[in-house]
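Novice: Letter by letter, the chains look like this.
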Amino acid sequence: AQSVTQPDIHITVSEGASLELRCNYSYGATPYLFWYVQSPGQGLQLLLKYFSGDTLVQGIKGFEAEFKRSQSSFNLRKPSVHWSDAAEYFCAVSASGGSYIPTFGRGTSLIVHP
Amino acid sequence: NAGVTQTPKFQVLKTGQSMTLQCAQDMNHEYMSWYRQDPGMGLRLIHYSVGAGITDQGEVPNGYNVSRSTTEDFPLRLLSAAPSQTSVYFCASSSLAGSTDTQYFGPGTRLTVL
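Quick note, the sequences are listed as chains C and B, same order.
Quick note on the working numbering: the first sequence kicks off at 7 and runs consecutively.
Quick note on the working numbering: the second sequence kicks off at 75 and runs consecutively.
If you are wondering where the hints come from, they were derived from the structure by calculation, not from laboratory data.
Source: prediction; values computed, not measured.
Glycine residues also receive a C-beta, built at the ideal position from the N, C-alpha and C atoms.
Keep in mind that the hints are not guaranteed to be accurate.
[As the list claims (entries may be wrong)] Some chain B residues judged to face chain C by a derived CB distance under 10 Å, without partners named: (1) Lys88; (2) Gly90; (3) Gln91; (4) Leu117; (5) Arg118; (6) Tyr122; (7) Cys165; (8) Ala166.
Build the full structure now, drawing on both the sequences and the hints.
Specialist: In structure tokens form, the structure reads like this:
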């Protein structure tokens, strides 16, 4: 069965600083990987996803993520954080074969200081 | 398109009461699911459905029932509410239950059981 680990519960950055949120997955074959963002009081919204091809994936709101098979990672990055990026971020994995039900990580809460 | 809608947005119940959380989508998605979100626990799958008339249990199904009589609607029933069911509930949908498909989330229902 697949699993997802987001090792950081909270991340604090200053506005304008760069950001990297970590995500590690466990799955035997090629996974399908997602990052979702949840603004306060809202549902989750897809930022980006990877399922094949270029391992550097561009998403909405200036985010990108890089799939590294050797490290079983799919870290989310942004070069310059805005105050509006403060939110909860979830990494998710779906199996490329078999179960299609996504598994979500526990989330990382991003705090942005002015 | 309204996307995924959930009602009510907030609900307070007393222990032992029953209620139904409503979820509807207008995207003709076959796959629908219910999650609960608790602090530090991420999203946990309660029940899911791959089409009208087909439902299955997720990770935490106890105390909840679902049915799927139409493609559009996927209500979640709490049979006898308990304080442990205090949580935020999210409904999600996607097309064809494909591993690469984006999950579309509703805005959530915040439930408190006293």
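Novice: Hint by hint, note whether the structure agrees.
Specialist: So, going through the hints one by one against the coordinates:
no., hint, verdict
1, Lys88, "violated (25 Å)"
2, Gly90, "violated (28 Å)"
3, Gln91, "violated (25 Å)"
4, Leu117, "holds (4 Å)"
5, Arg118, "holds (8 Å)"
6, Tyr122, "holds (6 Å)"
7, Cys165, "holds (9 Å)"
8, Ala166, "holds (8 Å)"
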